[in-house]
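J.: One letter stands for each residue in the lines below.
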Amino acid sequence: DAKTTQPTSMDCAEGRAANLPCNHSTISGNEYVYWYRQIHSQGPQYIIHGLKNNETNEMASLIITEDRKSSTLILPHATLRDTAVYYCIVRVRWRDDKIIFGKGTRLHILP
Amino acid sequence: ETGVTQTPRHLVMGMTNKKSLKCEQHLGHNAMYWYKQSAKKPLELMFVYSLEERVENNSVPSRFSPECPNSSHLFLHLHTLQPEDSALYLCASSQGLAGNLWDEQYFGPGTRLTVT
Numbered sequence: 002d003a004k005t006t007q008p009t010s011m012d013c014a015e016g017r018a019a020n021l022p023c024n025h026s027t028i029s030g031n032e033y034v035y036w037y038r039q040i041h042s043q044g045p046q047y048i049i050h051g052l053k054n055n056e057t058n059e060m061a062s063l064i065i066t067e068d069r070k071s072s073t074l075i076l077p078h079a080t081l082r083d084t085a086v087y088y089c090i091v092r093v094r095w096r097d098d099k100i101i102f103g104k105g106t107r108l109h110i111l112p
Numbered sequence: 002e003t004g005v006t007q008t009p010r011h012l013v014m015g016m017t018n019k020k021s022l023k024c025e026q027h028l029g030h031n032a033m034y035w036y037k038q039s040a041k042k043p044l045e046l047m048f049v050y051s052l053e054e055r056v057e058n059n060s061v062p063s064r065f066s067p068e069c070p071n072s073s074h075l076f077l078h079l080h081t082l083q084p085e086d087s088a089l090y091l092c093a094s095s096q097g098l099a100g101n102l103w104d105e106q107y108f109g110p111g112t113r114l115t116v117t
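In order, the protein sequence lines correspond to chains D and G.
Going by this note's numbering, the first sequence opens with residue 2, and the numbers climb by one from there.
Going by this note's numbering, the second sequence opens with residue 2, and the numbers climb by one from there.
So here's chain D without its partners, still in its complex pose (with noise of 0.2 Å):
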């Protein structure tokens, strides 16, 4: 049962930046958020996660509100191989919580 709630699509111009939002309103303290994407016909791929401070790395930038209970993934310059189906998922590390995949925001990089 995810535990997140995230658009179903999502359309973003190539070149620009593209945000995709993630409701967590039920998200605990010790819970981190994940982001992971898939591209059609291939396995998921970890992008970035984060707990309350934003992260960035080569791939993406992760923004967490102050309240934790939504958040931000940002593909600073979208390009066509950023079209995907990306999951936002809240677990907690450090621990055997599962991770458990929603249905995600399918994005459309637009040429």
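Worth flagging that the hints you see were computed from the coordinates, not collected in a lab.
Treat the hints with care, since some could be wrong.
Said to hold, decoys possible - Okay, derived cross-link-like pairs now, PhoX-like style, lysine-lysine, Cα gap no bigger than 25 Å in a straight line:
| hint | chain 1 | residue 1 | chain 2 | residue 2 |
| --- | --- | --- | --- | --- |
| 1 | D | K99 | G | K37 |
| 2 | G | K37 | D | K4 |
| 3 | D | K104 | D | K70 |
| 4 | D | K4 | D | K70 |
| 5 | G | K23 | G | K37 |
| 6 | D | K99 | D | K53 |
| 7 | G | K42 | D | K104 |
| 8 | D | K53 | D | K70 |
| 9 | G | K42 | D | K4 |
| 10 | D | K4 | D | K104 |
| 11 | G | K19 | G | K37 |
| 12 | D | K4 | D | K53 |
| 13 | D | K99 | D | K70 |
| 14 | G | K42 | D | K99 |
| 15 | D | K4 | G | K41 |
| 16 | D | K99 | G | K41 |
| 17 | G | K20 | G | K37 |
| 18 | D | K53 | D | K104 |
| 19 | D | K104 | G | K37 |
| 20 | D | K99 | G | K23 |
| 21 | G | K23 | G | K42 |
| 22 | D | K104 | G | K41 |
| 23 | D | K4 | D | K99 |
Unchecked claim - Where chain G lies over chain D, by a calculated footprint (3+ residues, C-beta under 8 Å):
| hint | segment |
| --- | --- |
| 24 | 39–46 |
| 25 | 99–110 |
All C-beta atoms, glycine included, are put in the ideal place defined by N, C-alpha and C.
Given the structure of chain D, go ahead and fit chain G onto it with the hints provided.
T.: Just chain G now, with coordinates in the frame of chain D:
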């Protein structure tokens, strides 16, 4: 690109056949997973192995039989499958340190299975 490989990439089998899916990870991880992804459904966890011991069996029918001979290899043995078992079968691995079994999973490309 990925440190997790799966073979075969595509498999067509009849309901009376026996086949095996193979997964190999080259990342030095201790935990490995089998997932099933049916059309238009979320990923479903099937099995989890940590240090070659099965730690989770997610109510999977016995016609699916996993095997983990060492921490780098994971198999899924298939027999007398049904057409509804047609799906993408994904293998994943994670570092699987104590108390952090599920962190950052790395997935293989999957095996597209069709049962006729």
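J.: Hint by hint, say whether it matches the structure.
T.: Going down the list of hints, with the structure as the test:
Annotation: proposed proximity of D/K99 to G/K37 holds, straight-line Cα distance about 15 Å (limit 25 Å). Taking the CA atoms of G/K37 and D/K4, the gap is near 20 Å; set against the 25 Å cutoff, the hint holds. Distance hint between D/K104 and D/K70 is fulfilled; the C-alpha atoms sit about 19 Å from each other, no more than 25 Å. For the hint linking D/K4 to D/K70, the alpha-carbon distance of about 11 Å falls within 25 Å, and the restraint holds.
Between G/K23 and G/K37 the alpha-carbon distance is near 14 Å, which keeps this suggested pair within the 25 Å criterion. As the CA atoms of D/K99 and D/K53 are separated by approximately 20 Å, the hinted pair is consistent with the 25 Å bound. Restraint check for G/K42 and D/K104: the C-alpha separation of about 7 Å stays at or below 25 Å, so the hint holds. Among the hinted pairs, D/K53 with D/K70 is consistent with the structure: their alpha-carbon atoms are about 10 Å apart, no more than 25 Å.
Pair hint G/K42 plus D/K4 holds up; C-alpha atoms about 17 Å apart against a cutoff of 25 Å. For the suggested pair D/K4 and D/K104, the alpha carbons sit about 11 Å apart, so the restraint of at most 25 Å is met. The hinted pair formed by G/K19 and G/K37 meets the criterion: a straight-line CA distance of about 18 Å does not exceed 25 Å. For the suggested pair D/K4 and D/K53, the alpha carbons sit about 17 Å apart, so the restraint of at most 25 Å is met.
Of the pairs offered as hints, the one joining D/K99 and D/K70 holds, with about 20 Å between alpha carbons and a cut-off of 25 Å not exceeded. At most 25 Å may separate the alpha-carbon atoms for a hinted pair to count; G/K42 and D/K99 meet this at roughly 18 Å. With a C-alpha separation of about 19 Å, the suggested pairing of D/K4 with G/K41 holds against the 25 Å cut-off. With a C-alpha separation of about 21 Å, the suggested pairing of D/K99 with G/K41 holds against the 25 Å cut-off.
The straight-line distance between the Cα atoms of G/K20 and G/K37 is roughly 16 Å, inside the 25 Å bound, and the hint therefore holds. Of the supplied pair hints, the one linking D/K53 and D/K104 holds, its CA atoms being roughly 24 Å apart against a limit of 25 Å. Proposed proximity of D/K104 and G/K37 is supported: the alpha carbons are some 14 Å apart, at most 25 Å. The straight-line distance between the Cα atoms of D/K99 and G/K23 is roughly 23 Å, inside the 25 Å bound, and the hint therefore holds.
With a CA separation close to 23 Å, the supplied pair G/K23 and G/K42 stays within the 25 Å bound. Of the pairs offered as hints, the one joining D/K104 and G/K41 holds, with about 9 Å between alpha carbons and a cut-off of 25 Å not exceeded. About 12 Å separates the Cα atoms of D/K4 and D/K99, which keeps this hinted pair within 25 Å; it holds. Only residues whose beta carbon comes within less than 8 Å of a beta carbon in chain G count, and the segment 39–46 of chain D has 5; three or more means the coverage holds.
Counting residues of the segment 99–110 of chain D whose C-beta sits closer than 8 Å to any C-beta of chain G gives 7, which meets the bar of three, so the coverage hint holds.
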